[in-house]
Amino acid sequence: VKAARTHLLVCTGTGCVSCGAFGLRAALESEIARRHLGDEVLVVATGCNGFCERGPIVTVQPDGIFYQRLKVEDVPFLVEEHLVKGRPVAKFMYSPPAEKRVVPRIADIEFFKHQKLIVLRNRGRIDPEKVEEYIAYDGYEAMGKALTAMSPDEIIAEISASGLRGRGGAGFPTGRKWALCRAEKATPRYLICNGDEGDPGAFMDRSVLEADPHAVIEGMVIGAKAVGAAKGFVYIRGEYPLALKRMEIAIARARELGLLGTDILGSGFAFDLDIVQGAGAFVSGEETALIASIEGERAYPRQRPPYPAQHGLWGQPTVINNVETWANVASIIRRGAAWFAALGTETSKGTKVFSLVGRINNTGLVEVPMGISLREIVYGIGGGIPGGREFKAIQIGGPSGGCIPGGQLDLPVDYESLTRAGAMMGSGGMIVMDEGTCMVDIALYFLRFTQEESCGKCAPCRIGTRQMAEILARIAAGEGTREDIPRLEELAWTVKSGSLCGLGQTAPNPVLSTLRYFREEYEAHITERRCPALVCKNLITYSIDAAKCVGCLLCLKNCPVNAIKGEHKKPHAVIQSACIKCGTCLNICPPKVRAVVKSTGTAGRAAAARDGGSSKP
Amino acid sequence: MTLTIDGRTIAFEGRPTLLELARANGIAIPSLCDHPLLEPFAACRLCLVEVKGRRGYVPACHTEAEDGQEVRTSTPEIQALRRGILELILSEHPHACLICAEKPSCEEYKSTIRKVGEVTGCVLCLADGRCRLQKAVEEVGVERVHFPALRRTGEIRRDDPFIDRDNSLCILCGRCVRVCHDVRGADVLTFVNRGSETVIGTARDGRLLDSGCRFCGACVDACPTGSLADRSVRYEPRAEEERTVVCPLCAQGCRLRVGLRGGRILAASPDPEGPANRGQACVRGRFLARFAIHHPNRRLRPMVRKDGELRECSWQDALAAAAARLAANGPGSVAVIGSAQASCEDTFVLHRFAVEVLRAPGIAGSWTGSPSEALRGLARAAGTEAPLNVPLADVARAGVVLQLGEDLPLAQPLLGLAVHRAERGGAAVLRVDHGSAPPAPRASPTTLIPDGAERTFLAALLAVMVEEGLTPSHGAPGFEAFRASCVKFDIPAALRTVRLSMDRMREIARTLAFRRPAFILFGRQWLGAGGGGPLVELWNLAALAGARLLPLETEAGMRGALEIRASRTSNPAEAEIGRARILYLAGPWAAAAADHDFVIVQGPYRDDLDGIADVVLPEATAFESEGTFLNAEGRAQVSLPLLGPLGESRPGWRILGALARAMGQEGFDYPSARDVRKAIASEVPALGGLEDLDAQVDGFVLDEGPAGGPVFIDGTPDAVGGPEPGCPVPHPDDTRGLRLNVENKGLRAIRGREWPRS
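Residue numbers (this note's numbering), protein chains in the order written: chain A, 1 to 617; chain B, 618 to 1375.
Note that these hints are calculated values from the structure, not bench results. It should be emphasised that the depicted structure is a prediction, and the values quoted were computed from it without experimental measurement. Ideal Cβ placement from N, Cα and C applies to all residues, glycine included. Incorrect hints may have been included.
Derived contacts from chain B toward chain A, CB cut-off under 8 Å, selection only [what the hints assert, rightly or not]:
1) Q696
2) L698
3) I702
4) S708
5) A1013
Computed list of lysine-lysine pairs in DSSO-like fashion (alpha-carbon distance at most 27 Å, straight line) [unchecked claim]:
6) K496/A - K752/B
7) K537/A - K598/A
8) K231/A - K185/A
9) K116/A - K85/A
10) K557/A - K570/A
11) K669/B - K496/A
Chain A with its partners taken away, still in its complex shape (with noise of 0.2 Å):
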């Protein structure tokens, strides 16, 4: 590794990739080689930095100055003042939100103070392309250690010890999971990684493939030599062409350094990875439907058991692990199971990543310890809601999880209370919600995303999971009847008990959590016709008010479809029966106006009345 006396990480990961930073990356480059300074100033291109809200973003070590969404044409100036005259750049860093004061530092800035990184561990610092710079931060001396030094057995209980459980959703002890498989007697047997992560807004998967390929390899070298395998898959869904190309070079390199194949380390063990690329179906990342979809297979699921453990792909013994879950095992036999027993709680041990995104200021990626309050997430890493709005849920663990309300931000983050809270762990989706977040449409969002994504295979998911979709379009529409609520919780138990896998198992959680917690809400949608949370169109009337309007004619102009009625310099009126509640009126209205007015229930029928006719549906 090139030693130099400066590094700019740039951040690749997709989010700042998609806001620009490849762009930004060549501009470093071809600035700093205008200056010749390439030989004091290396530019690093890194994996995913986290902070994905404010990308593009290059951190400057060894100063630790963090520079936040940069543009190409910044780029002069910020080379001039801060790697020529050596005078870090204000106007680049970042402040926290609603707050005048720049923090210079990363390691000051609120959102990575409160984060434990171990899976982590390398992103934002070393080039994933790179096998030196993983090797450089103690990448394979685990490996070696496990090769050379260890037996099968040592290795199953170093992981058992540690306590680590299965990051992909239901929490299988990791150790017992390799223990199970090892003590079947049919060989070959395979390792497959699931990297066919879905959840709408989770991208944890992505990240670590993409920052940090080498530590998946690792960790799957290690679990070959516990459970005896030769030949492991390492399955990435095709949206991901970032994580496939960056995991494509990674083993290529690994071959080439003899760190996969047919002599590892000179130990003589053999072990070797291929990629396969996933068509772009959620239940893929259900494992059976996955080991179907290697196997040349439609995605469809099996009846578990046998379990893969038992009888997996090809029909032979088969560990499934999810990315995060491959990625803990380096650092865990480098380091031993008591270190990374010691994070955590009592059953959860360790860290967990999450993807905080939604009603939050500071979205991204973040890497907590088990344990670790919802509170601490949403408000000491998360920054809290933007526009000081009020917190009302945050949903966790996808389509199969659930909404937890205000009142349970103090839970602990750990497998069994998010399941007694009604969510659960699951890849680690989280997602914010203001009060501006409807919860039957957040439910109907979920079962039309379930609905969509069922396989088809079993008929309790297939036609139960349209059947909750809807009727819970229904009770949006406002044409819900009181039959609705009971009949939908029969049909939840009847999804939940009867289908094949984890997707129908799971799919009716987000109604049922949801029913939970803000069952008053449903209730406002079915017997008041009134969305409290202003959203759900059928429900909702947009009126002017007479009093505040003065005559702009601005609402009027940008009305897409002409339903606004008025002269210049008198009070404007909605034409009800034209309109169709895209919310443009409320949005251009100037802030010192104020005239435009979303209504609900009876006061939102009352407002329709005024402007002369029902509101259109």
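Please build the complex by placing chain B on the supplied structure of chain A, with the hints as guidance.
Relative to chain A, chain B alone:
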């Protein structure tokens, strides 16, 4: 081992599933997606049960019985769950009739008109009465469907022969897809789209015809509803009775269940309990039995040529005309041609008639030079015996199969299934075929060699095996001489001739030598139309590889004829067919070179022999007469008539009895087919078991005794002859002169697609 189901203690052995065990003990568990031939799929979720100690509900079809288990199949929760699931299934399926309160009384009044574009209820559905969904609704007890209907729409697809597809009736149990893939290896049907959009379809939504379908009909039989249906019965009333028959259309011996109403054949379907076929058949048996029986080409009245024209007449006149000519000529002046598609009874009586009455040398037919006869002849010449049975169950467990030519799905459907099962079980299937062979319907690797290079290929394979030292049978009689000839063989020249690389040859040699058990399949195609095919090389290859050589026949009566002719004395050759002045044709004959004084034709269908016939004797088809057939396995099965002979036709052995009587010969008047069988049993040692065959529902398999050790043969013995001149080998689609692939529009379309070059 024991477990309890609903409190009942049940003992069991082996590894049954809970569903199998419950059903065997009379405990009803509803289910829609399970099928006896298929792996459990666990998709319909109706068979969910509770097992103590297991979380939630488990599908009985996918749960193995374990010692000490406590299973509950009908708690209130399970019943509620099943009702909920079935209601959901019904919301995708027309269900007005299923939950109608007037269901019991409607039965008496409902019409049978099914000529509608859309099936909206059971009364309009042709699966009415055999639909498993109806049964499930009855078992689960659904009275209301609480959900809005989510019917799949779309036209009923009628653009294929024989099969209608209606996705609006489909419940996506996947039985058709799985039977098509797992059992038949056809891979035509598949799930298309995802989630609630899922439908059953083909690649690129094409016709079955364009998707490699062989129209075996297994999907139709597997479909629990009316979604996949046999079009021919769409407009027919329900069957009044059902009978079984052994399909005479090829040599596999499928047992069919045939529905009848008012003396007419309705649909046929393979008998799930058929000993050879276990619920499987092919397009001919499944869809063409009715076509073959009621075909307009049937000869229904005897005819005699008068004034140069065939005219219908009475049996008496026809028999008299034939008898007069036959009796007027001395011994040896008549040549008798039989059919290898006839039953044992017919062939036996024909043979007796030919030898004892007409003093003919024997009966000629397509058996001469057939794979079985050639193989047996070769073995006997070498002083050993060759088994001729094709043991389907053993082939299904093969380690390697060398398939030389032969379109198995066309000509050997059941053997094709066995080979497919072997392949699924991990067997290597080496397919070698001519360069001009039709493209295989499946993308299975086929090694292509030029036309006419069969012998060179086999000789090269033998030489390569010897050169590679793959000679487990060294030391067997004749081995040294055999090896000496192999060592001299010019392998590079042969490889150039067959256009294969040494590596490919070595790979074939090793696969064949190392995997066990090994089978080599060959039929007429590989033996060469003119005879003199590479039988010795095949023989030596089997000896060298320790493989079993399986001769493939396509005609239903071939094996029976072989055993009957082999054991009965024939007259010394007093005449050759070419010199005979009179022909008695009970089988196919190349009519072109007609230079005969008098021709008598006996058969069920009009064909071009009518042009040379002087007397025509109408024969009943095998569907209408009792007869015994020995299938490829060597299994003897009695087939009982589905209905009486059509028109004035008669079973072949009765015609001969009457003719013998007309010629003043006694001893041919068998009272029943059973009496013919008794005579066969006493005169044909190999068929001694026919004596009490009637008592055996599944027939019996000829016992061939233990196979001898490997013997190598040097040179080309004379025993390998070709077919007799004038006796054509019928196409597999030809049944007693009725060319189904020409006469039937559907089959014509299917075959045409498969052989676009012919």
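Hint check results:
no. : hint            : result
1   : Q696            : violated (12 Å)
2   : L698            : holds (6 Å)
3   : I702            : holds (5 Å)
4   : S708            : holds (6 Å)
5   : A1013           : violated (18 Å)
6   : K496/A - K752/B : holds (25 Å)
7   : K537/A - K598/A : holds (11 Å)
8   : K231/A - K185/A : holds (17 Å)
9   : K116/A - K85/A  : violated (34 Å)
10  : K557/A - K570/A : holds (14 Å)
11  : K669/B - K496/A : holds (19 Å)
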